[in-house]
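In the order they appear, the protein sequences are chains A and B.
Residue numbering for the first sequence is 126 to 205, as defined by the working numbering.
Residue numbering for the second sequence is 8 to 534, as defined by the working numbering.
Read the hints as simulated data drawn from the structure, not as lab findings.
Accuracy of the hints is not assured; some may be wrong.
Said to hold, decoys possible - In silico DSS-like pairs for lysine-lysine, Cα to Cα no more than 27 angstroms straight-line:
no. : chain 1 : residue 1 : chain 2 : residue 2
1   : B       : Lys30     : B       : Lys463
2   : B       : Lys226    : B       : Lys30
3   : B       : Lys366    : B       : Lys310
4   : B       : Lys512    : A       : Lys132
5   : B       : Lys172    : A       : Lys129
6   : B       : Lys164    : A       : Lys129
7   : B       : Lys72     : A       : Lys156
8   : A       : Lys132    : B       : Lys463
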Amino acid sequence: MDIKSMKNYLYWLYCQFELITCSYLMEPWEKLLFYTFNITMLVMLLYTAYIFVPVHVSMAFQFFLHLFGNQHENTVSVVK
Amino acid sequence: GVEDRFSILYFQKNGISNGTLYKKTFIEHFEQAPMYVAVLTFLGFGVGTVFGYLRDFMRAWGLEKRNVATEREQQKDFVPLYQDFENFYTRNLYMRIRDNWNRPICSVPGPQFDLMERVTDDYNWTFRFTGRTIKNVINMGSYNYLGFAETDVNALKTVTIELQKYGTGICSTRQEMGTLDKHIELEKLVANFLGVEDAMVFGMGFATNSMNIPALVGKGCLILSDELNHTSLVLGARLSGATIRIFKHNNMQSLEKLLRDAIIYGQPRSRRAWRKIIILVEGIYSMEGSIVRLPEIVSLKKKYKAYLYLDEAHSIGAVGATGRGVVEYFGMSPDDVDVLMGTFTKSFGAAGGYIAGRKDLVDFLRTHSHSAVYATSMCPPVAEQIIRAMKCLMGLDGTTQGLQRVRQLGKNTRYFRRRLHEMGFIIYGNDDSPVVPLLLYMPGKIGAFARRMLEKNIGVVVVGFPATPITESRARFCVSAAHTREMLNTVLNALDELGDFLQLKYSRYSKSSHPELYEETRLELED
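So here's chain A without its partners, still in its complex pose (with noise of 0.2 angstroms):
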């Protein structure tokens, strides 16, 4: 009974969410508002941090490289 009991919990973590932010008050269409601005901000935040994390965290690895161990010529590869 995996798929129910994980369902189950779920479903409560999604009636604290609601009670926490207080949209258990809200009318219909102010949740539907809520959510969609919520998951709007949510999917930008990711996005954006599907595009730029790695890019600057193999620029930092590479600024580290430089600092402790000095060489050179690894640095072409990175430019875009």
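Dock chain B against chain A, hints included.
Chain B in isolation, oriented as in the chain A frame:
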């Protein structure tokens, strides 16, 4: 006789050990919730405020129907009659969960009662009754501490007789033709019960405070009032015209500092001595469940020569070995308190209030109180209900039922509080007070808690922002002597389940969060 036995019980002292003021331990809890709870509460209020502004905008621009009071079209250019922004909170948050308050009941508010079922079609702006009643809802909200709100015919025999003898109306004030022999009998009984010289009774508990404090103090007097005093005391203090200074709740250092400053510096501009200094406190504070620190206040008042006004609305009948209130609870003499005030609404199942003390004080109030001059006096059947309840408490009716009720209340209180602490809820207040506030904190949980408890057939009172600080909304339980152990267990099981579902068990000091520190076997020393 029976009365002597109870006076001996009352005047007995436990013996003063090593000179401390308190004869038994005074344990009060005011645990603070973890930080994330405060953050999430503010987050919830923030979201609610944003949506409140949105709805107000839509109402102002006609995108939504306006259900609040507005002026007529012809008066739109006048000075506004309704200040819209002040009711922001009422309109936008209270209205959404309004179905949890003002629920009409249709039976006696005993340990169980019947509710009228009502539904709303437009999100709590209007209600309609379906015609059905919800039967036998367990009552955890009524101030029925000793269980005297009952319909048992034998118990109400004398009340029925008096009703048929006197009728219900008085049609006069105390000073004109409204003083009946019932009032004289009741006043003598109250004075006897409390152990003071004389007492006076009034028809309404709130009016007892608000109409008598102006008679006792006036301009040039100083009132030192506790932070969390009831509205009736605050109203009475403001009406009197005296200077009011507030000390922190139950905090004796704050009170002593105010007393010292008052005596050293006197009145603000003229530096004259204050005409009198009066300290206003309550026996049990109904929102916190805390009991006043009476021994310390009495010693302070004797040292600085101030007067003490003790409002025992919730504590008379509910604490003390024989139900005589906080004065008996601390083993002190009623002569230490200058003005003893109380109400009959809570423990006696009636209505009205009393002021008791020395004979000259009560004689003064009989002539100078606004309530005596202008308010209708207490009606006879109600006076008889109080007389029979008080006689039952004192044992004058020949049974020990009164003492049994007081003991049952004490047992129920201790059991209920202990179980709630064990489960891990945050409970405020003294271990001996029958008022049990359970902290909910987040605004979303207030509505969810009350509605789900009603689905489980338990009626609770929840309190939110204007009556409590903004982050500390709570559910307030009033334990009664009429509750049986089964009813309390039903309520506790429901609370356990609901506490897990709504995540209300914030306490970090409970046994459930540190099970390894407590042994498994525990002797049940109570009953």
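Lys512(B) and Lys132(A) were given as a pair; does the straight-line alpha-carbon distance stay at or below 27 angstroms? 23 angstroms, holds
Fill in: Lys72(B) paired with Lys156(A) [C-alpha distance capped at 27 angstroms]
Within the cut-off at roughly 19 angstroms; holds.
Pair hint outcome, Lys132(A) versus Lys463(B) [Cα-Cα no greater than 27 angstroms]: 24 angstroms, holds
Next on the checklist: Against the 27 angstroms threshold, does the CA-CA distance of Lys164(B) and Lys129(A) hold or violate the hint?
Outcome noted: Roughly 60 angstroms separates the two Cα atoms, so the pair is violated.
* To do: Take a quick look at whether Lys366(B) and Lys310(B) sit within 27 angstroms of each other, Cα to Cα.
  => 24 angstroms, holds
query: Do the alpha carbons of Lys30(B) and Lys463(B) lie within 27 angstroms of each other, as the hint requires?
result: 42 angstroms, violated
Distance restraint between Lys172(B) and Lys129(A), which requires alpha-carbon spacing of 27 angstroms or less
Roughly 68 angstroms separates the two Cα atoms, so the pair is violated.
Q.
Holds or violated: Lys226(B) and Lys30(B), Cα atoms, limit 27 angstroms.
A. 38 angstroms, violated
Hint compliance for this structure: hints 1, 2, 5, 6 are broken, all remaining hints hold.
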